[in-house]
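One-letter residues, chain by chain:
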Amino acid sequence: MKLADMQRDFQSWLIDASEDAADRLSVHAAAGLAVYQNNYRAQLVSCLEHAFPQLRTWLGEEAFRNTAIAHIEDYPPHAWTLDAYAEHFGETLSRRFPDNPDIHELAWIEQALGEAFVARDAAPLSVDALATIDWDAAQLRFTPSLRLHAMTTNVEAIWSALCEGQTPPESEMLAEGGGLMVWRRKFTSRLREVDALEYAALVQLQQNGSFVDLCEMLVARLGEQEGVAKAGALLANWLGSELIIGVDSDVQPLAASQSEG
Amino acid sequence: MSAVFSGYGLGLRREHYQDFLETDVPVDFVEVISENFMVEGGQPRDILRRVRERHPVVLHGVSISIGSADGLNPDYLRRLRSLVDEIEPLFVSDHLSWSRIGGFNSHDLLPVPYTQETLDRVCANISMAQDALGRTMLFENPSSYLSFPDAAMTEWEFIAEMSRRTGCELLLDVNNVFVSASNHGFDALAFLDGIPADRVRQIHLAGHSQGPDLLIDTHDSPVCPDVWQLYARAISLLGPVATMIERDDDIPPLADLLEELSIARNLGLIEARRRAGAVA
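Keeping their order, the protein sequence lines are chains A and B. Mapping the first sequence onto the numbering used here, position 1 (from 1) lands on 1, and the numbers just tick up by one. Take any residue in the second sequence, note its place counting from 1, add 1000, and you have its number in the numbering used here.
No lab work stands behind these hints: they were computed from the structure. Keep in mind that this is a model prediction, so the values were computed, not measured. Treat each hint with caution, since some may be false.
A few chain B residues facing chain A, derived, Cβ under 10 Å [claimed, not checked]: (1) G1042; (2) V1062; (3) A1069; (4) Y1076; (5) S1099; (6) F1104; (7) S1106; (8) P1113; (9) T1115; (10) E1117; (11) T1118; (12) L1146.
Built from N, CA and C at the ideal position, the CB exists for glycine as well.
So that you can see chain A by itself, here it is in the shape it has in the complex (with noise of 0.2 Å):
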């Protein structure tokens, strides 16, 4: 047998218990095979109760469990790391429960304090910095720990009562939405709940840099004393949070001589 072919048919074993699979391995010490599927399937458990322990308590254990192998058996693993197993758990939630948005939520919180756990490291910005600044072409660098997500439900406190060992609220849906923010700060995974504005000047920030563009955005919103205002009000507070990391100039010949004039 082909060592490629042995290693396909060892996979559909693993994935699937192909008997027909175990048949072509033919290997001697049949109970072997056992070993190797338990162990998979074990280790990729595992992987999804370390990555969610509160969703786990929230579910209860034998519904994670149920929906931890259902996941496993539509989601065979990919990546050379484990951890990225539990990016796409997600989807299986929101398939076995698709009227239940704190649970997806809740899954979403773990995830991203998992992801920024070992994001990328980046010294934040001091506010001595910012006294050169252009502010007319700047672009803010937020750090690449942060992940946003919108936000329908208490599921902040959910979580926050979870951490604590106490018992949470029962979920409901929030009267206005928001939004959900997850950064590091020096080596510790932050969450924090923002309301509508601050979640929405967050996303077009994330996408477009542009410190001018916010503005115009808020003041839109706000008008032009008050969203100029809320503009700096977020700006110091983002910069209190470590959250931004750099301002680029945007160098285009129009935007320097705009800055001159």
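Guided by the hints, dock chain B onto chain A, whose structure is given.
Then chain B, alone, in the frame of chain A:
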């Protein structure tokens, strides 16, 4: 006698981070799982840098998949090279096994058939890995739970030829020899006699469990007396070899592992005295 004997070490596990960062742990080296530190940044890399300031570090991988029929993952090799360049490890090792085929990755150390085709493929992969890393790697004999009917050679014959062709060095897991010998009915001493002694750079010791039909390499208990006996035999054949205890589950306080490691040190001393007496 090995020229690169580097003493006695332990695996760095999360439960013992503080011990290794804040106290002078009496080990000669620490071994880490490479993949746990092949990340972009954050606390894991910082901890490894700080531990490296105190101890020599061995990078021990589980995901290179050296037996894959379709070659190695270049992205994996690039990331491992980056870690190697930063840490300047004592050894870089992985397993004689496979975990990936096509786009599938089992995240388990699956057995390879000991055939000529597999030997050719494994040697090509080792050469690629050693070129990518710019250094010699060590490969470990895994525990295995099945064997293939078309095997053309024994595990130790395969390992000896693999090392001869590629220049790779060996990480001898004595517990794995014991487990596989029990599961497949071969003679553990024949294994020790059959591998090239001058290529063995490191030894692993660990605990195992009795499953319904087979011994299972679980790393969740102390090294058993039979494995200590086999270790004593191994160092009598090999001379002093860098030795460490692997513990990955039910992890006890560090003091317990250091006490267990002292057994290896004492056996090493006994063997050194025996050799000195034989010379005298």
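| Violations among the numbered hints, reported as their numbers in ascending order | none
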